[in-house]
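Put together the whole structure using the sequences plus the hints.
Those sequence lines, one after another, are chains A and B. In terms of the working numbering, the first sequence opens at residue 1 and continues consecutively. In terms of the working numbering, the second sequence opens at residue 1 and continues consecutively.
It is possible that part of the hints are untrue.
To be verified - Calculated cross-link-like contacts (lysine to any residue; reagent style SDA-like; alpha-carbon spacing at most 25 angstroms):
hint, chain 1, residue 1, chain 2, residue 2
1, A, 320, A, 42
2, B, 3, A, 320
3, A, 351, B, 166
4, B, 145, A, 167
5, A, 320, B, 53
6, B, 166, B, 322
7, B, 289, A, 316
8, A, 320, B, 63
9, B, 3, A, 12
Derived from the structure by calculation, the hints contain no laboratory data.
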Amino acid sequence: MTPERRTALEEALLPPLVALAVALVAGDLLILTYGEAPGAVWRLMLEGTWGNAYGIGQVLYKATALAFTGLAVALTLRVGLFNIGAEGQLAAGGFAAGLVGLALPAGTPMLLAVALCVAGAAVAGGITGAVPGVLRAKFGAHEVIVTIMMNFIVLAVLNYIVSAHLHVPETLHTPSINAGAVPRLADSIAAFHGSAANWTVLIAGATIGAVAWFLFRTRAGFEWRAVGLQPGAAEYGGVQVGRVWRNAMILSGAIAGIGGVNFVLGYKGYYEDGFAGGAGFLGIAVALVGRNHPLGVAIAALFFATLSQGGLAINAMVPKQMVEVLQGIVILAVAASVPEVRALVRAAAGKRRAAEAS
Amino acid sequence: MRKLLGLLGGLLAVHIALSFVRPSGAAVAATGGGLDIGVVFDLGGRGDKSFNDGAYAGAERAMRDLGARIRFVEPGEGSDREAGLRMLAAEGMKLVIGVGFIFTDDLTQLAREYPNVAFAGVDFAVSVDSAGNPVPPPANLAALKFREEQGSFLVGALAALVGNSKKLGFVGGMDSPLIHKFEAGYRAGAMAVCGDCEVIAQYAGVTPEAFRNPGKGKELALSQYQQGVNVIYHASGSTGLGVFEAARTLGKLGIGVDADQYNEAPGFVLTSMVKGVDNAVYDAIARVKDGRFAGGIFQFGLAENGVGYVYDDNNRALIPDAIRARLEALKAEIVAGRIQVPATR
Numbered sequence: 001m002t003p004e005r006r007t008a009l010e011e012a013l014l015p016p017l018v019a020l021a022v023a024l025v026a027g028d029l030l031i032l033t034y035g036e037a038p039g040a041v042w043r044l045m046l047e048g049t050w051g052n053a054y055g056i057g058q059v060l061y062k063a064t065a066l067a068f069t070g071l072a073v074a075l076t077l078r079v080g081l082f083n084i085g086a087e088g089q090l091a092a093g094g095f096a097a098g099l100v101g102l103a104l105p106a107g108t109p110m111l112l113a114v115a116l117c118v119a120g121a122a123v124a125g126g127i128t129g130a131v132p133g134v135l136r137a138k139f140g141a142h143e144v145i146v147t148i149m150m151n152f153i154v155l156a157v158l159n160y161i162v163s164a165h166l167h168v169p170e171t172l173h174t175p176s177i178n179a180g181a182v183p184r185l186a187d188s189i190a191a192f193h194g195s196a197a198n199w200t201v202l203i204a205g206a207t208i209g210a211v212a213w214f215l216f217r218t219r220a221g222f223e224w225r226a227v228g229l230q231p232g233a234a235e236y237g238g239v240q241v242g243r244v245w246r247n248a249m250i251l252s253g254a255i256a257g258i259g260g261v262n263f264v265l266g267y268k269g270y271y272e273d274g275f276a277g278g279a280g281f282l283g284i285a286v287a288l289v290g291r292n293h294p295l296g297v298a299i300a301a302l303f304f305a306t307l308s309q310g311g312l313a314i315n316a317m318v319p320k321q322m323v324e325v326l327q328g329i330v331i332l333a334v335a336a337s338v339p340e341v342r343a344l345v346r347a348a349a350g351k352r353r354a355a356e357a358s
Numbered sequence: 001m002r003k004l005l006g007l008l009g010g011l012l013a014v015h016i017a018l019s020f021v022r023p024s025g026a027a028v029a030a031t032g033g034g035l036d037i038g039v040v041f042d043l044g045g046r047g048d049k050s051f052n053d054g055a056y057a058g059a060e061r062a063m064r065d066l067g068a069r070i071r072f073v074e075p076g077e078g079s080d081r082e083a084g085l086r087m088l089a090a091e092g093m094k095l096v097i098g099v100g101f102i103f104t105d106d107l108t109q110l111a112r113e114y115p116n117v118a119f120a121g122v123d124f125a126v127s128v129d130s131a132g133n134p135v136p137p138p139a140n141l142a143a144l145k146f147r148e149e150q151g152s153f154l155v156g157a158l159a160a161l162v163g164n165s166k167k168l169g170f171v172g173g174m175d176s177p178l179i180h181k182f183e184a185g186y187r188a189g190a191m192a193v194c195g196d197c198e199v200i201a202q203y204a205g206v207t208p209e210a211f212r213n214p215g216k217g218k219e220l221a222l223s224q225y226q227q228g229v230n231v232i233y234h235a236s237g238s239t240g241l242g243v244f245e246a247a248r249t250l251g252k253l254g255i256g257v258d259a260d261q262y263n264e265a266p267g268f269v270l271t272s273m274v275k276g277v278d279n280a281v282y283d284a285i286a287r288v289k290d291g292r293f294a295g296g297i298f299q300f301g302l303a304e305n306g307v308g309y310v311y312d313d314n315n316r317a318l319i320p321d322a323i324r325a326r327l328e329a330l331k332a333e334i335v336a337g338r339i340q341v342p343a344t345r
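Structure follows, in structure tokens:
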């Protein structure tokens, strides 16, 4: 391993580890203030998540949606934009997937139906992302403001359509889709019985691989990263910065939109108002903790999914809010420890180099 | 670098040390054999002053009076509803309760998977087949439904009798069949005692946000009071707080819903149409205890004390004895089936 690589690896791995240690101690103290034994609570959390196939399935299910939204946010951060709109894009994608599934005749071949539904989700999410992208590229409208506002608009419009026209009486969801259901993992692996995990997790894996390949192995990906690091320099080098911003927002929206497939096609088989439930906003934390790297996003998604499912498992002993506080501490600790750890790692690397030179 | 690893090691050492701390009074896991009950709340959760809090109150009473051991679960996102119910069912609870219509699908599915566990759903939405007949839930699932229209009928009659005006107000939350039920009952009650009365009914919106919009509630209420209405009945969640605000401003009266809302505007709340979610939950737990639990559709109306109106020291001065007697007579007629209260507009 070259020294540069070693430094890079340390910079990537140490901040999350420090953050995790801080969160564990903070969690201990929180649990103690609630009058419970930390050891017992952590054990219950581990048993309820990675302790059996059902728990693993639930974690995979939750991580799938978070991987999509985390990837969407990370992608825009790579070009220097901040997409806060993943929540609305996720909902729009899920709604479109449900609509396509409703419109298709029953008996459509599964792969075709799923492909059409996923395409619908990507288009809907992409359009939702295109609005702030175009406004940014053409008029310089700040994407943070526009994406936040787009969340309100999209969620309100979907809410209206579902509650006024499409819902099954006395509920807040649409009728069940005719075609396009993604099979559950439990259908092939009996141990997963009862868990919501479904084969959308494969689409998530493929998307992670594709984004990593695009960012680090293609010329366009290089241009995108250059825009993110230094837009002025990239423009001087011949990159059309506005176009990169627009395309990045569209792609980001499309990825977040596909995340809606997880619930709509993979779990319930219908669009339910409010299904996104904060997964879009949590995607921001996933991207931050994952250091905007596709692989990091995957790991961070699994981590936050474990916290979420674990929070349900320990709900008997501590209130749900404790897990939410813990989430916040992890995010704060990562954000705070990144520059701190980097300085220490670089100082250590400098010392090593000096020792080798002498 | 050494500093960093030292910090990491130090934190982990503290964590491991803390892991062995066992405070006295730490919860002991349920051992089975007792009356173990699980309750999963709606996303709104505790503190909604409506059905979640009602369910909590009922379960707490069962804990005191029946010796039940209750586990509460607060779900986070969509899939947590099923996960919470499943967790409780798998732990061998005697009865698992889902609070809110949103649990309908999840409860139906789990009741089929765990035929030996009893399930109950508050406000369970019974589906209807193509011929219009209700589809009965699985045999181990009790659908706890409320006849809100019957309670609304009585407060409608009360509003017409004490309102001193031919015009009565109604403010609904989301324009939806569930809330139309309240309006229909209220209107029928007013008409029963005052044939030429007119009910002005308005809704705050068409989305669930309409249940959380006190500003809109105040606006609607002010305009109704200015049209000559003296009493407004609201079925609109926290939007209704705006109705009470308007009543206080103009010195008029409002009628609360779900729980006794007298304290929202003391002196300006005529009564409240209360929905006995607590009684229904308590009742279900009691039936499990006595081995009398059965699935099916359970309607809680006036006869079962599932719905009613508040009459206590706070509002006794507002309701003359003669009117109180008239209301009780109407209630008896409904219980006896001589008055059929419509549930749709």
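Which numbered hints fail: 2, 3
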